[in-house]
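**Student:** Those protein sequences? They're chains A and B, same order as listed.
The first sequence maps to residues 4 to 295 in our numbering.
The second sequence maps to residues 2 to 297 in our numbering.
Everything labelled a hint here was simulated from the structure, so no lab data went into it.
Some hints here could point you the wrong way.
[Claimed, not checked] Restricting the straight-line Cα-Cα distance to at most 20 Å, the calculated cross-link-like pairs of lysine to aspartate or glutamate (EDC-like) are: (1) A:Lys146 with A:Glu157; (2) A:Lys254 with B:Asp227; (3) B:Lys257 with A:Glu157; (4) A:Lys254 with B:Glu128; (5) A:Lys156 with A:Glu235.
In this text the structure is predicted, and so the values were computed from the model without any measurement.
Here is what each chain is made of, one letter per residue.
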Amino acid sequence: MKQIVIISGKGGTGKTVLTASFASLAKSKVTVDCDVDAADLHLLLHPSVKERFEFRSGQTARIDKARCCECGECIDMCRFDAIGKDFVIDPVSCEGCALCSRICQYGAISMEENVSGEWFISDTRYGPFVHARLGIAEDNSGKLVSMVRQAAKEIAEEEKKTYILIDGPPGIGCPVIASITDTDLAVVVTEPTLSGIHDMLRIIDTTGHFQIPVKVVINKFDLNPENSGKIEHICESNNIEIVGRIPFSAKVPRSLVQAVPFVEYAQDEVAGEIISIWNKIESIIQEKKSSN
Amino acid sequence: MIVSVASGKGGTGKTTVAVNLALSLKNVQFLDCDVEEPNAHIFLKPLISEKTSAFIPVPEVAEGKCDCCGKCQEVCAFNSIAVLPGEIRKDGSVLIFPHLCHGCGACSYLCPRGAIHEVKKEIGIVEKGFSDGIQFVHGKLNIGEAMSTPLIRQVKKHIEPAKTVIIDAPPGTTCPVIESVRGSDYCILVTEPTPFGLNDLILAVEMLKTIGIPYGIILNRYDIGDDCVDIYARGSGIPILMKIPFDREIASLYSKGLPIVGYKSEYDSELKNLLEKVNTLIGKMNFNPQGRNGFS
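Modelling step: build the complete structure from the supplied sequences, incorporating the hints.
**Tutor:** What follows is the structure, given as structure tokens:
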């Protein structure tokens, strides 16, 4: 079983559109949405939820007003400015370190477990799909990402699937790191804009830091040929293979409105390129397998 | 006045809106709080005059003083300390995992032997400069660093409330976004008219309701999808502040790291009036505190 993660650094470059098409093309796989902050893949895969789990993570402090003598020690000690002058905890600021509850001389502060979201194991016509919904203004998306990935891994092992397809979040921080660790291949989707290039370099550095093999897809490559040339040059000099160049198409947002993976929406140049990208990725993974 | 620009979904045009709004106003400070992937400097090209490292405190153990009692491991809520107790003819030791540390200080404060002190660990840098009269501040998270919120907090320490402060927030709806937008007088949510744009807009709206910041929508590339965002905005009483069409010229300017202001004058007046519009909406809200988001 091989794990493939689709990431980008910059948001909105086409991660989810590509992942949904891969899910439609790959024969034997479990699909995971690791963008738990703003999950969208379910809008294209139409899951029917089979199992639902609470995501419990961390704690939040609570002050018992009856016991509190308002000495102010907790306010002084809290590094996250989570305790107001009125001795009420701001649950958004509280990181759940519990220092206040440990130092309160009056035993007025207790810690309560957070339910910070839900995650799901679903059926789709593309096979099993693991996804999540982080609670509003909740923390710890990295932990939730690790959780859905673990569930996907167990399903993939049990059902002997060939691939785990991971739709990653934007950025390079906590949830991204949790999405890429221990994967076999990271597919970086970029676009020929200076922002896209800047962010691609940072995500490539991040995958390098965690020693994840990386391939690049240039989306909307024809929007700025000069910048696409720059991407080609950067990848060449860093020995990174570009596995696809997808042309701009106004049909892509329309396929989202129709809520289907793009390769099922159109049989055009764009769909053809996505199919070719998937075939390349498969052969890269198979080659690796045989060389191992 | 502090106005933040956020979106839920990435790539909808946050930086475009934030940068061009800043360029349309006077006496502006610009804060790029997307410290994982900062992009505003590409468009504003500030001359950086000040560069400081951002640190978080992480624990360090003085081995001579430590008796491996295990208290620090017990009080650490983030599993960033492991104590290996001593065995016969072998001393114990304390392992610290700095990337998990939140810097709460519990271990050093509660260590019965006073064996833990805190050292500074660099998580990124904060750069400050000027661009065409705009005061510019951004943060850059170090590669491989997981926690962006402490860096965002340090970027926001530079806020000058006497100026009009524009904050470019990261995508998403969780901690880094909340850290970026909190304290704002108003938040502009940039979205696009697709089911993805709508889904993530609703999440962002829920987040802003929870932290109590008023908001309005800018609908970018309003002609590429359907009318789902319009219908939602109307039904929820959320103002649409501006609509921007899909325009290959804007896309081309963006790809070259150029702003709209100065290159496409047809948006000038709408951009200039945006802040006034926001001010009027905030004013109305103060007169009508019971109203849903102030606008019903």
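**Student:** Quickly compare the C-alpha distance for A:Lys156 and A:Glu235 to 20 Å and report which way the hint goes.
**Tutor:** violated (34 Å)
**Student:** Given the proposed pairing of A:Lys254 with B:Glu128, does the C-alpha separation stay at or below 20 Å?
**Tutor:** violated (40 Å)
**Student:** Would you check the hint for B:Lys257 and A:Glu157, treating anything up to 20 Å between C-alpha atoms as holding?
**Tutor:** violated (45 Å)
**Student:** Hint check: A:Lys146 vs A:Glu157, CA-CA at most 20 Å. Holds or violated?
**Tutor:** holds (17 Å)
**Student:** Is the straight-line distance between the alpha-carbon of A:Lys254 and that of B:Asp227 20 Å or less?
**Tutor:** At roughly 12 Å apart (the allowed maximum being 20 Å), B:Asp227 and A:Lys254 satisfy the hint.
Hint violations for this structure: numbers 3, 4, 5, all remaining hints satisfied.
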